[in-house]
Amino acid sequence: MNGAAQVTPQAVEYIRILPEIVLTIFGIIIMMLDPLMDERRSQRTLGAVGLVGALAAIVATLYQSQYPGVGFWGMVNVDSFSVFFHFLVTAVTAVVILTSYEYMEVQQIRAGEYYGLILFGAVGMCLMSSAVELVLIFIALEISSISTYILAGFRRRAAISSESSVKYFLLGSFATAFFLYGVALMFGATGSTSIAVIGQVLASGQPPVLAYVGIALMFVGLGFKVAAAPFHVWTPDVYEGAPAPIVGFMSTAPKAAVFAVLLRILFEAHAPGRLWLIWVVAALSMTLGNIGALVQDNVKRLLAYSSIAHAGYLLVAFAALPANGIPAAMFYTASYAAMNVGAFAVVSHLASAGERYVTMEDYAGLGRRSPLLAATLTIFLLSLIGIPATGGFFAKFYVFSAALQANLVGLVIIGVLNSAVGAYYYLRVIVVMYMREARQEVPVSPVPLGLGVALAISAVATIYLGVLPGRVLEYATRSAGDLLR
Amino acid sequence: MQPVATTFFFYLLSGAAILGGVLVITRKNPVHSALALIMTLLAQAGLYLMLYAPFVAGVQIILYAGGIMVLFLFVIMLVNIEKVQKQEQFNKQWLVGIVAAAALGVLFVLVYMKGESLFPKHVVRLAEESNTQEIAVLLYGQYMFAFEIASLLLLVAIIGAVVMAKKRI
Amino acid sequence: MVPLSYYLVLSGILFACGVTGFLIKRNIITIFMSIELMLNGVNLSFVAFAAQWGKLSGQIFVFFVMVVAAAEAAVGLAIIIAVYRTRETLNVDQVNLLKL
Amino acid sequence: MTPSLHLVLIPILPLIGAAVNGLLGKRFSRQAVATVALAFCGAAFAMALWIALRFSSLPIPLTEYVAPWIRAGSFQADFAFYLDQLSLVMMLVVTGVGFLIHIYAVGYMWEEGGFYRFFSYLNLFMFFMLTLVLANNYLLMFIGWEGVGLASYLLIGFWFTKDAAAAAGKKAFIVNRIGDFGFLIALFLLIKHFGSLNFADVFGTIVENSTQYPVETAGAGLLTAIGLLLMVGAAGKSAQLPLYVWLPDAMEGPTPVSALIHAATMVTAGVYMVARSHVIFDRAPMALTVVAIVGTLTALFAATIGICQTDIKKVLAYSTISQLGYMFLACGVAAYSAGIFHLMTHAFFKGLLFLAAGSVIHAIGGEQDMRKMGGLRDHIPATFWTMTAATFAIAGFPPFAGFFSKDEILWRASQVSLAYWGIGVFTAFLTSFYMFRLWFLTFFGEYRGDQEATQAHGGIHATGSRAGVPAPHGHSGIHESPKIMLIPLAILAILSVMGGWIGAHRFELFLAPVFSSHQTAHLVALTSEQAGQITAMEHLEWVFTAISVAAAALGLYLAWLLYRDRPQLPQRIANALGGFYHAVANKYYVDELYAVLFVKPVVDGSTSILWHGVDQNVIDDTLNDSAEAARDVSDSVRHMQSGNLRSYAGWVALGAAGVIAYMIWMGTR
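From first to last, the protein sequence lines stand for chains A, B, C and D. Numbering of the first sequence is given in our numbering, commencing with residue 1 and proceeding in unit increments. Numbering of the second sequence is given in our numbering, commencing with residue 1 and proceeding in unit increments. Numbering of the third sequence is given in our numbering, commencing with residue 1 and proceeding in unit increments. Numbering of the fourth sequence is given in our numbering, commencing with residue 1 and proceeding in unit increments.
Same shape as in the complex, but just chain A (with noise of 0.2 Å):
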């Protein structure tokens, strides 16, 4: 703000982006310890270096919520709402980091710059939920894309994986170009690139048509990112052929930091004309979503078809009033971030050498083979469905309850018949699993610590999430309350 004034940040500025220095500090030592060390070495060390860096991340998040403020002449806020984020991208990438563990030696990929990587696309989320202004969302963003690029391209031994990676990259930058122009237009409208004077012009008057242009065009790249129909086409793609951890990573790390941005444009900067569209866009994405994984056969595309459907859940939220809406938003993100990231650590645990045992034929009769596994794929994918003492019941719950009150009856009608359709084709993977014999005997090698660790902290997660719902949700609500203010 006052740049002249002030020639150098304070200590309490640092504090406020503490998690990203912590989690890009380790990143780097990992890049810088990664040449020192043979490569049956590397593996685990590296993975543990990691894994020390997303929990001090988790720390330091914690810390940083006592020191609440602007940093940075207006570039970065920390606020509840931020280190709600920060604190769920944080916890993903430590989860999704336990469940790599064992995926890198099994699929025999070099550790250094896949942990690194990681790491520094957590940098990027982080700063996407705090940073409020356009220049350093649009960095954050482009950070965490170019990491899950090439995350996505990791299997370099199957063509599919770095078809995966051109396509995730090729589309993606076209959908960063209109996320551009929009904030060209948005910046033309208003003469600022600061979400607070953004809204303040918005507020103040009509806004002119270039704003609603901007917006729209701002919603399609971030629409992109978050797999909304009808921008969801890469989706399945992209996540059939990406290695699983890192599905399991980019479906809900990145998804829930563009939530944030989506939410402080939309909100916070008194976007207008949102209403409509995001009713039809959410109509679209839980329809689509539902329908094409109805006949799917490969389990990591089938969730994938399920993430556009959630996408398109989450997009309710968006449509219903602030004070209602936001906080069902951030709670289902939470809830569905713990059961995806769940379901694809088991995902990526069967998968195996090669990522041979990825259809629904592979599942069959694992109930029987591995009982434990089985049990909480099944809590995954009924939280998925949206039973009740499941994470998944709550956020659809307040999700469509928000949709209600704000009056969109049909919008609520669309979704909960969708997610009727949905319970049919989660039920086939537990009926498979524990009513069909399998035909041919798919090996399950016994679950690794980490994996283990992984599982069951989703588990619990989801769990509580579905049980205690209580604290979250006021969290959530609290921070509503600071965004909105």
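The hints are simulated quantities; they were obtained by calculation from the structure and are not laboratory data. The model shown is predicted, which means the values in this text are computed figures rather than measured ones. Worth double-checking, as some hints may not be accurate.
Said to hold, decoys possible - Not the full set, but computed from the structure, chain A residues with beta-carbon under 8 Å of chain D:
| # | residue |
| --- | --- |
| 1 | LEU33 |
| 2 | LEU36 |
| 3 | MET37 |
| 4 | LEU62 |
| 5 | TYR63 |
| 6 | SER65 |
| 7 | PHE224 |
| 8 | GLY410 |
| 9 | TYR424 |
| 10 | GLY470 |
Unchecked claim - A short list of chain D residues far from chain A (calculated; beta carbon distances all over 12 Å):
| # | residue |
| --- | --- |
| 11 | ALA46 |
| 12 | GLY503 |
| 13 | LEU540 |
To be verified - Take a look, some chain B residues computed to stay more than 12 Å from chain A by CB distance:
| # | residue |
| --- | --- |
| 14 | LEU49 |
| 15 | MET50 |
| 16 | ALA65 |
| 17 | LEU71 |
| 18 | LEU78 |
From the three backbone atoms N, C-alpha and C, an ideal C-beta is built for every residue, glycine too.
Put chains B, C and D on the given structure of chain A with help from the hints.
Structure of chains B, C and D alone, referenced to chain A:
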């Protein structure tokens, strides 16, 4: 410096830019496309100058035309250009593509028509002499954090490029 | 003097050119160039708006867009090389193992 | 200060049992598993009894807060339990009948693999069911509501690895979700308009602001909408038209499960929910009428199907649907206490019927087809006598329990409309007929089964892999069930005989505090003309009673005539009636109709679900068509996914153009 014959230069440069743009997407040989793109970039640098942005114009020439496009040309040379060239260049439904893109273009034009009252007839004159200095002050002041974090972006890009391009992993 | 909206229309045309290129070209490298074209369209409107408001922040944004473009170019071209290695082709229509 | 009852323990005890058995049961002996399951379930029952004994000294209604749960803004829901006369009755029925069925199941399931899992699920079910009936707000109730569905799914589907059971489990689950979505939307509406889901808050608000929430006689309003949506939920859970299709298939589960979940407790949850929401229904006469009509039609419809079923469990299943229809009829004429009374007696005799049927099946080695039974009276006398008590009870003969409750429902229905009464009496006649048909076919005449099969239990291969069939025993011949199974039968038989002696009137007085507000609406629901009729008909009550008993007797006579006296007659009648009989025997082709109506146009999302639930053997062709249709729709979505990058970009660009066009339109408006 008082602008000279701005209208003439505007039409000249924008004509060059559009011509370059069209050539990029119509040439068969990727090298030709790249050269056409460089033409567009240079023409745009001229337009930046007319809009009182000499620093950006300089960066455009050095970074874009000089750096990025050279990278493009390198890669084009690296892959088997003969083989690539033989492959069919256009989609069978190119007409559909053009229609969709044209619709988009018309929409943009429509925006500017609708928003005509919004734009001033004449742009604000910014100080050109001190432009670079002012930008420097902003970059290392208000935008310091963004500037620093951009270095992380470049680090990620370097790592990524190395990972993707190296032969074995 | 040229009215501001002329610059903006030009930026729109360049952007649309880029979109068209993305939709109709087969060569991945040219598709990538089309993205650069789109970004340049955006940059032009940033500079134009900066001139309209008399604020340098628009020009700063252009600077950052260029940084990002450079980063994307490095990564993108590396990915393209990786694809070329596994497929021996740069035709997007043949990069379609993943579908339905 | 209200005395702490630790109500929370009642649901928690079975949960602990479920956890102990589920986690450690694998290492336990069968005795230990049975002891754990029975101990925790019995403890819950004991607590319920203890509370019932102190009931008169308690300040009713009593709310017990356990823990705060959700507080978001103004909306608040807690873990809190609510005790009043209604939940007391439900609690006693659930724990009491549940406990008896647990005992029975120990004997029935003794030979089965996965013994511990079965009891773990059964206890889990008890937990959710008790949560449902004791909840003090709709949200907690909904948790229990979905939970019992899940437990039932586990018990139907997970138990047997065969496809029919899996399909049945899935069908039950998905049809129920269709119902649940009505329930959920009702909850959202409640939150929106009342900002709360607490029974006390919602009902209190409605009662206090009678000007704001008048009786919606003129037109459908908010409360009517909520009432109808709640009814959709209730119809799903309680297997009413048109969502009843899952219940007959659910009989694939083991017999104790059918008895507990699909007869005595879970399926009555819908009735409980409607009764609990009576404040809303009282002010929504249209919704009430819908409840009554759905109930009446279901009662009639299911009873006619029941006549032609040959599978003993299927007869009982349709009979359950039909009896549930009576309960909804009672609720629909605002005679909630009569409905709950019937719920209670029904739990006794229908639970008994299922258990006895299980005992029969057990005795003859897994046969469920009544045409292959007969003459079992002498072989299994204990089962025969208990079954007889239950049959007379359900047919409505005095002084058996069913007489009192059914009679009360019919009498109250007659005050609203004679049509309800007429159909009700006719249904009572049908009920009596098909129940005695079952009775005669099973216990009288000659044994028609394959003697060999019963000797060596070889028939298991033909029919015996059916669910609920105990594994072949080492001994041969038709044999009586073990004592552990007979004791619950005996107790339930006593209850079936005497359960009604409390009298409908006394029962109504007991529940009066809960339903006190219903009187007003009841009267409003009637036109003055009808009110005049009531006084005229008051002294005619005994006439009505006589008619319904006569109907039951007629049913008995007809069944005797057809299946005892002249067994060849039914076939001749069937031949004469031809198509109609065929239609009824095939359950009116409802499954098929659903396939055609809903499955073909798969554009509707929920349809693609139903097709998988539809009976596969009967309608292979339709099914294939619909599968094709589902695939077509899904395929058209998949065609967006051509794998081609440019077509993806085309979608993005198209979407962008649409979004921009819309926003320009918004901006320039």
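For each hint, the structure was consulted:
no., hint, in the structure
1, LEU33, "violated, 37 Å"
2, LEU36, "violated, 39 Å"
3, MET37, "violated, 38 Å"
4, LEU62, "violated, 22 Å"
5, TYR63, "violated, 27 Å"
6, SER65, "violated, 20 Å"
7, PHE224, "holds, 6 Å"
8, GLY410, "violated, 12 Å"
9, TYR424, "holds, 5 Å"
10, GLY470, "holds, 4 Å"
11, ALA46, "holds, 27 Å"
12, GLY503, "holds, 39 Å"
13, LEU540, "holds, 47 Å"
14, LEU49, "holds, 19 Å"
15, MET50, "holds, 17 Å"
16, ALA65, "holds, 19 Å"
17, LEU71, "holds, 15 Å"
18, LEU78, "holds, 16 Å"
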